[in-house]
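Student: Be aware that the sequence shown starts at 6, since it is given in the numbering used here, and climbs by one per residue.
If you're looking for bench data, these hints aren't it; they were derived computationally from the structure. These numbers were taken from a predicted model, which means no experiment stands behind them. Where a beta carbon is used, it is the ideal one built from N, C-alpha and C, also for glycine. Errors might be hidden in some of the hints.
Below 25 Å or equal to it, Euclidean Cα-Cα: the simulated DMTMM-like pairs (lysine to aspartate or glutamate) are [claimed, not checked]:
1) 176 / 214
2) 144 / 95
3) 144 / 32
4) 144 / 197
5) 162 / 95
6) 176 / 163
7) 144 / 44
8) 144 / 39
9) 162 / 39
10) 144 / 115
11) 176 / 123
12) 176 / 44
13) 144 / 16
14) 162 / 108
15) 162 / 115
16) 162 / 123
17) 176 / 32
18) 162 / 44
19) 144 / 214
20) 144 / 59
If you anchor each label on the Cβ, the simulated ranges turn out as follows [as the list claims (entries may be wrong)]:
21) 59 / 17: 38 to 44 Å
22) 66 / 118: 32 to 38 Å
23) 175 / 108: 19 to 25 Å
24) 162 / 219: 15 to 21 Å
25) 174 / 143: 30 to 36 Å
26) 44 / 144: 36 to 42 Å
27) 86 / 166: 20 to 26 Å
28) 167 / 39: 41 to 47 Å
29) 140 / 79: 32 to 38 Å
30) 218 / 39: 31 to 37 Å
31) 206 / 114: 41 to 47 Å
32) 139 / 166: 23 to 29 Å
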Amino acid sequence: MQDSFNTVLPEQFAHWLHSPLGQCVLEHEQRFFDSAVADVFGYYAVQLELPGLDLLRSNRMPTRLTAGLSRHCALNCDPAQLPFSTASIDLLVLPHTLDFHTDPRAVLREAERVLVPEGRLMLTGFNPWSLWGMARRGKRGQGMPWQGHFLSLPRIKDWMALLNFEAGASKVHCYLPPLAQCGWRNRFAFMEYAGQRWWPVAGGIYCLEAVKRVRGMRLIAPRWKKAHSSVRAVAVALPDRQEQRDD
Numbered sequence: 006m007q008d009s010f011n012t013v014l015p016e017q018f019a020h021w022l023h024s025p026l027g028q029c030v031l032e033h034e035q036r037f038f039d040s041a042v043a044d045v046f047g048y049y050a051v052q053l054e055l056p057g058l059d060l061l062r063s064n065r066m067p068t069r070l071t072a073g074l075s076r077h078c079a080l081n082c083d084p085a086q087l088p089f090s091t092a093s094i095d096l097l098v099l100p101h102t103l104d105f106h107t108d109p110r111a112v113l114r115e116a117e118r119v120l121v122p123e124g125r126l127m128l129t130g131f132n133p134w135s136l137w138g139m140a141r142r143g144k145r146g147q148g149m150p151w152q153g154h155f156l157s158l159p160r161i162k163d164w165m166a167l168l169n170f171e172a173g174a175s176k177v178h179c180y181l182p183p184l185a186q187c188g189w190r191n192r193f194a195f196m197e198y199a200g201q202r203w204w205p206v207a208g209g210i211y212c213l214e215a216v217k218r219v220r221g222m223r224l225i226a227p228r229w230k231k232a233h234s235s236v237r238a239v240a241v242a243l244p245d246r247q248e249q250r251d252d
């Protein structure tokens, strides 16, 4: 049953993202990832699930790949059991990966294991403290995206703190109700702008950046000291005093 959950739900969610409502979510998240990953440097960047979306397209690392249980991932594996060496990945992207995995805490633990010190973790998720979270209560089990976990942002940050992640900037989007019909969404479009000002924590999705910190490690910039020229004493031959007297 667990394998079925892990395998089916990410693919169903990927299909839902092509719906009109899913496109609204994707538009916000694509902009977030394009901006967030652009200036992250290193060698290896990995996107967990949603292989049909190139969320690493603005990153310039030489190796960028998708991994997960979805069929079209370049590397097929469980996000909670990644086939990477410890401290080998520079950037890890989790687009709703925690929402659609049976053990989201195990996914975070695995992320901490494979990331290098000062490695970057970026994720998105559905916010239970929103109109979307209220809709989920009545639609739970009725398809996507209501089958997800809808983990709150403070809860995610608490888990991260236990794993030595330092949470950075977070953004919240999709304040309008999750209405399927485009006409109704247009009528409530004003809520997207009003929400950012009046109820900034109540958006339907959140985007979060984090850095893996290692206790006891401090990065020290090299100190280049100018070599001081040393003056060597030069031996000078002095006339022998006895010879001076004889003269």
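Student: Okay, which hints does this one fail, numbers in order?
Tutor: 2, 7, 8, 10, 19, 20, 21, 22, 28, 30, 31
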